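Line order of the protein sequences matches chains U and G.
In this text, residue positions in the first sequence follow our numbering: the first is 1154, and each later residue adds one.
In this text, residue positions in the second sequence follow our numbering: the first is 11, and each later residue adds one.
In short, the hints are calculated from the structure, not lab data.
Computed from a prediction, not measured in an experiment: that's the story for all the values here.
Check before you lean on any hint, since a few could be wrong.
[Stated by the list, open to error] Chain G side only, calculated, beta carbon under 10 Å to chain U, not exhaustive:
# : residue
1 : Phe-15
2 : Ile-20
3 : Glu-39
4 : Arg-57
5 : Thr-68
6 : Thr-123
We put the CB at the ideal spot given by N, CA and C, even for glycine.
Chain by chain, the residues run as shown.
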Amino acid sequence: MADAWRRYWFGHEVLRTRLALWRLVFFGLLAVDFWFVLLPHAPRFGAADFNVSQVPFLDPYLPLPSPGIVGPLYLLGGLLALSVALGVRPRRCLALLAPIYVGVYAWSQSDSYQHHYLICLLLILALFVPAQAWTLPAPGEPPAIRSWALRLVYVQIGLMYAWTGVTKHTPVWLDGTTLDQIVTCEPREHLRWLSGVTGWSAEATLSAASVAVMVGEYLAGLIYLVRPLWVLGMGLIPLFHLGVEWLGLDIELFSYYMIGTNLILLAPDALIERTARLVARWLSPAVRWHRALVEQRPLAEAPARLVAVVAAFSAGAIAFSVPYVGAGTAGALVGGATLFVLWPGNAEARGALRFRAMGVLVAALALGATAHGSGTAYTYYRQWAGFQRRQGDEAEAARLYALANQAAGDAPARHLTLARLEARRGGPAAAVALVEEDLRRQQAHLDSTLASPTTAEAWLARGKTARALADALGFAAELWPAVGRAAEVALLREHRAAALRLAREAFLENARLDPACGAGRMEAARLGGAAGAEGAGEP
Amino acid sequence: MRSAFIVAWIGLQTALPLSYYVGDDAFDERFAWRMFSPVRMVTCQTRFIDATDGLQTTVRAAADVHEVWASLLTRARWDVIAGYARRYCGQRRAAGVVRPVLRVDVVCGNPDTLNRPLCRSALVDGDADGVPDAYREAAACAGLGPRACYHRDCGDESPAACRARLCQIRPVPLDLDLCESDDG
């Protein structure tokens, strides 16, 4: 018995190549998660001075979280996750990354996604994986490594699947009621198609799908516990997650984490080795470059420290430039963390320093590029501004809307919302430039991006933009007389009627192309009254 | 030492989900791996009532907090209800109210009866035969006719009374004074 226990936990061997591939996929996704999914949620933390942690009896002793600290922690978390993915001192990065992820998750129940809890557990277990397991074996080194923590990763994932199966053991799941309520229109159409193919009733199809999900989850649990079943799981479990995506269920990046994890952790050793060779061939210049960097003579102690300091300063400066609240804190945290990760304590560390410094700088540049070049900052400020507006703090809402508009580049943003706020706060003159900017952006968007829609979705977007244009024209017609431009009002109303007609046509086209699920019919009906009223005066 | 860690980890990962099934809070699924559970499908109406000095004033909690917390209130998350009560009672005491009283009326859909016809649709009885139209769906009645199926669920109760009993639950006792449990 004791032998079997020892063999199961302490004789568990995993190819280092497998772990390197998992590192690349899992931590790469984690960086995306930090920078694109979690970061826009940072303003929720501590909003209206309210918070409940995952451990409520600690609340009296915990400080209130705030966007100014959670945002920088998310930025740093992404940088560390990408550094792990790139193979930059994974264990040292994890020593910072795990407390950041687990700490922010534990700090607030506002984050209730169960897969975030799973990531917390996996990050904690990753701390116990030996440092050399994360890197590819050098020539002459053993290709596999024994790790009880990696076995526990498998068991943890297995337990999660099995408990998820237990959840489905109720009549309301097994008869398809719950699935029926989860799915929205498009997935429902997929299921209708499936019932057409099988010849079953819609109820029977839903029930069969529900039973299959439950059985699949139990099976997935078992597969992770029993190594000879891995290959079966590699084929089956990703299909289950693809099905979840096909049904359109909103679980952020969970399916992608699990598809990647299942494919890599459950693949046969031979397939992993073949894939690794293939990847190495594709990336051969990078591999050669990496080897050249790593195999150079170690730097002397003083220059090595200088390299670490310069890299830390550079990464910190990039983080300092991000357009988020707490950029100063982000700069300091990223700089400090980079120094901690790169600090060359011994000859081995000095030898790998050039590669590691390059890796962290690549991660920092990615941080800067996503912060400045994606729509994340716009979402971050827009949602925050909306909350402040609903709370009645118009001054703060206006300040945040202005930042959102600034982050939106040249795309339509929230100029009209800000104009309405400014008109209330500072009078009509304060709003004129904003309305004009909104009109310009909506019209440009209609004339360029949405000029020739071909899909139902694009027609819907065209309809919504035309309606937004009509809203802006309507507000301008109200505003202009107060700023001495009453003569333009008739023309504005004419343009508004045309925009409403355009919106209506686009919505109806959406409904024609997607009669089952297109929102166009409902949008056109909502528009009906307004368009009709405007159209009544037309020649 | 490593074996002890493994045993502790697996023990915790067994005990935490198990505690959900043996506990009495069906609405807090955080550590139980209940993805896509029926509980997630129901919503609750959560109304805080300031009952200080025998008055009954509705407290607009959802407007006081971020939408994410308001959403957790509509999912009857007890920690959030208690957290809001702690804050509200503290504010009332700071405003000079010596003995604030706060109650909460939480009415949720019953996750165990989501599949009953009466709990899935509005109480419409178009043909006025005393049996809600939802019972015309034969599939949910497993071969029973509408009247027999209704009788199975409700006996002789009126649809409204049956719905309140069968389809709704109140996870928090209405007479609980949330400020009292917060007294320090």
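Comparing the hints with the structure gives:
no.	hint	in the structure
1	Phe-15	holds (8 Å)
2	Ile-20	holds (7 Å)
3	Glu-39	holds (8 Å)
4	Arg-57	violated (18 Å)
5	Thr-68	violated (19 Å)
6	Thr-123	holds (8 Å)
Figure legend: structure checked against the earlier numbered hints; hints not met, in rising order: 4 and 5.
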